[in-house]
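Keeping the supplied structure of chain A fixed, place chain B upon it in accordance with the hints.
Protein chains: 2
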Amino acid sequence: MQKIGKQTIKFDNPPTISQTACIVGPKESDGPLAKYFDQCLEDEFWGEDSWEKAESKIIKETVNTLISKSGIPSDKIDYCFAGDLLNQCISSSFGLRELNIPFFGIFGACSTFVEGMSLASVFVESGIEHAICASSSHFCSAEKQFRFPLELGNQRTPTAQWTVTGAGAAIISKSGTGPFITHITPGKIVDMGIKDANNMGAAMAPAAFDTLMTHFKDTGRKPSYYDAIITGDLGYIGKEILIDLMLADGYNIKSNYNDCGVMIFDKEKQDTHAGGSGCGCCGSVFSGYLFKQLKAKKLKRILLIATGALTNSTSNQQGESIPGIAHAISIEL
Amino acid sequence: MQKIGKQTIKFDNPPTISQTACIVGPKESDGPLAKYFDQCLEDEFWGEDSWEKAESKIIKETVNTLISKSGIPSDKIDYCFAGDLLNQCISSSFGLRELNIPFFGIFGACSTFVEGMSLASVFVESGIEHAICASSSHFCSAEKQFRFPLELGNQRTPTAQWTVTGAGAAIISKSGTGPFITHITPGKIVDMGIKDANNMGAAMAPAAFDTLMTHFKDTGRKPSYYDAIITGDLGYIGKEILIDLMLADGYNIKSNYNDCGVMIFDKEKQDTHAGGSGCGCCGSVFSGYLFKQLKAKKLKRILLIATGALTNSTSNQQGESIPGIAHAISIEL
Chain A
0 MQKIGKQTIK FDNPPTISQT ACIVGPKESD GPLAKYFDQC LEDEFWGEDS WEKAESKIIK
60 ETVNTLISKS GIPSDKIDYC FAGDLLNQCI SSSFGLRELN IPFFGIFGAC STFVEGMSLA
120 SVFVESGIEH AICASSSHFC SAEKQFRFPL ELGNQRTPTA QWTVTGAGAA IISKSGTGPF
180 ITHITPGKIV DMGIKDANNM GAAMAPAAFD TLMTHFKDTG RKPSYYDAII TGDLGYIGKE
240 ILIDLMLADG YNIKSNYNDC GVMIFDKEKQ DTHAGGSGCG CCGSVFSGYL FKQLKAKKLK
300 RILLIATGAL TNSTSNQQGE SIPGIAHAIS IEL
Chain B
0 MQKIGKQTIK FDNPPTISQT ACIVGPKESD GPLAKYFDQC LEDEFWGEDS WEKAESKIIK
60 ETVNTLISKS GIPSDKIDYC FAGDLLNQCI SSSFGLRELN IPFFGIFGAC STFVEGMSLA
120 SVFVESGIEH AICASSSHFC SAEKQFRFPL ELGNQRTPTA QWTVTGAGAA IISKSGTGPF
180 ITHITPGKIV DMGIKDANNM GAAMAPAAFD TLMTHFKDTG RKPSYYDAII TGDLGYIGKE
240 ILIDLMLADG YNIKSNYNDC GVMIFDKEKQ DTHAGGSGCG CCGSVFSGYL FKQLKAKKLK
300 RILLIATGAL TNSTSNQQGE SIPGIAHAIS IEL
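Heads up: the protein sequence lines correspond to chains A and B, in order.
Numbering follows numbering that gives the first Met the number 0, in which position 284 of the first sequence is assigned residue number 283; successive positions increment by one, without gaps.
Numbering follows numbering that gives the first Met the number 0, in which position 305 of the second sequence is assigned residue number 304; successive positions increment by one, without gaps.
For reference, chain A alone in the conformation it holds in the complex (with noise of 0.2 Å):
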């Protein structure tokens, strides 16, 4: 590998990824991508008693579909790099516990997923055979979590987003049929004063435009260059934001933008206000759909960035702003 420009690697021997498997929630069952995820629940709790259990259950069996689906033993697996939305990022630690798997704790908010899908490239890049990356998120512990008791039945304002649940997960391996993973931006945090927590759009879209704009410059590559670049996940808002912010810096993507929080809902059909968010949201969406069009050769050229918001419900109690940040990887056939 060879880093170019500011903060992007190109891959010389481009790692594959071999498989993907996801797991969604009830609601994002009802969206209008159910029919590329591998299992949908039919309710939240999926035989638990509290959500986190759920949430746990969700990311480990979509890691052990995974596994199974690729036919690559387990033991063959090197490393696998997780994270999710709760504190300590629990979900990883406890659905993954019994893996076996020798693990790397990661936080990225809702760039996780491909926060781990860029570490496990380098390691396979740089000589290992196989790498797990995955995340989870889910609406009910997510709301519990950062905002109120669902019981208390509050009204959402009209930026807010909806937090998927779910899991995605992904095996990168050295050799294989691809697509391939051909550069890695690794974005900075960026923190342009936004403080209102129901709107994470607002504050993610600057992070995404900085790495965005960092990776065209680094690459050479225009906006054109791909099928399709995918945010994961602005929703509505931060969508709007960061076409708006590209353009003013002279490059329009709007002809083959897209976003995960903006995909996984129906807009007219589902009452998700701003869109989805979560580390499952973009997860899911890669996993299920987007890796299928690769595999389908429906898409050949798309570049994800995932983005997410680095607060919490403390250092927003304590009038932080909300850094944000955006990590953008080239997915090619």
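Possibly wrong hints are sitting among the right ones.
Identical chains share a label here; the pair holds if one copy fits it or two copies do between them.
Below, a list of computed lysine-lysine pairs in the PhoX-like style, where the Cα atoms sit at most 20 Å apart [to be verified]:
{"id": "1", "residue 1": "K221", "residue 2": "K253"}
{"id": "2", "residue 1": "K173", "residue 2": "K5"}
{"id": "3", "residue 1": "K75", "residue 2": "K216"}
{"id": "4", "residue 1": "K9", "residue 2": "K173"}
{"id": "5", "residue 1": "K9", "residue 2": "K75"}
{"id": "6", "residue 1": "K75", "residue 2": "K5"}
{"id": "7", "residue 1": "K2", "residue 2": "K253"}
{"id": "8", "residue 1": "K2", "residue 2": "K75"}
{"id": "9", "residue 1": "K2", "residue 2": "K216"}
{"id": "10", "residue 1": "K253", "residue 2": "K75"}
What the hints contain is simulated information worked out from the structure, not anything from laboratory work.
Just chain B now, kept in the frame of chain A:
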């Protein structure tokens, strides 16, 4: 790099630890390692109006000190790996938001510092010039978040460890005069069913045992190969458990083994019960004391094994056990 054995990576061109830095709180400044730290604070707030903001300032100024001591311009540092114990790792993301270096958030509880060194080493050996790793913890913010408000004046149980107020940071570089990171052995999650949140040493010792045994088997080395085997942070109780577990498997580590949580406080004069803990404990003991011993050639080969308890207060209230993890790195001249 190449994978050897089950979990270990051996570097063909071992990365150098170019420089380290650490800042610690007032209790740590009264301990036996005080003279090795870059800065000793007089109070837990350091001019801020919350413990969380104080912790952010500690990691921020530690990284600023590191860059300044290293003489490496910050725009030559490619990536940063950092994490802490606060919910959603806000100490790192707020503390390092102005750093302007691409950022990977990591979470391994008290194992975070060595997790960061491991990831940074892989990036550097694979072609990157310089990477930073950093971690922090703060006694007051940790007690507030994981246990009880300090104002309550709760008694601590004899098995409880004292979270270190402090941060450690290191620059890992492609070329230099050492000390070199020659191997990493990332650990698996190990859960032996310990449920006492006031006995983290017992929860983490089995993970340290698993990683340590794996490291010896993977490398063919024996405990006597190392001048020092240092865990961070099992404390007094976890240290004794690890010695016993190793002895039962035929490895006597008693003569060259110590623990950062044991080393940082004075057992007689400072009442910390089971010793120190926290991401800042291993971080500051390595960055302060151990690195200087290596540079002075008083230690030539050490195995640093940071241990983490992957738990939170919710999982504990839900009756869950405490999974542990331990990551090891060989550091040699």
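Now for the hints, and whether the structure bears them out:
In this assembly of identical chains, the alpha carbons of K221 and K253 lie at most 20 Å apart only when taken from the same copy (13 Å versus 60 Å across copies). Taking identical chains as interchangeable, the C-alpha atoms of K173 and K5 lie at most 20 Å apart only when they sit on different chains, with a minimum of 17 Å there against 26 Å within one chain. Taking CA atoms no more than 20 Å apart as the test, K75 paired with K216 passes between copies only; the shortest distance there is 18 Å, against 38 Å inside one copy. With identical chains, the CA atoms of K9 and K173 are at most 20 Å apart both within one copy (15 Å) and between copies (18 Å).
Taking CA atoms no more than 20 Å apart as the test, K9 paired with K75 passes between copies only; the shortest distance there is 18 Å, against 26 Å inside one copy. Taking the shortest Cα distances, K75 and K5 sit within 20 Å of each other only across copies (9 Å), while inside one copy they are farther apart (35 Å). For the identical chains of this complex, K2 and K253 are neighbours neither inside a copy (29 Å) nor across copies (44 Å), given an alpha-carbon limit of 20 Å. In this homomeric assembly, K2 and K75 come within 20 Å of each other (Cα to Cα) only across copies, at 12 Å, whereas the closest approach inside a single copy is 29 Å.
Taking identical chains as interchangeable, the C-alpha atoms of K2 and K216 lie at most 20 Å apart only when both belong to the same chain, with a minimum of 13 Å there against 35 Å between chains. Neither within a single protomer nor between protomers do K253 and K75 lie at most 20 Å apart by alpha-carbon distance, with minima of 42 Å and 34 Å respectively.
Taken one by one, the earlier hints fail for this structure at numbers 7 and 10, listed in ascending order.
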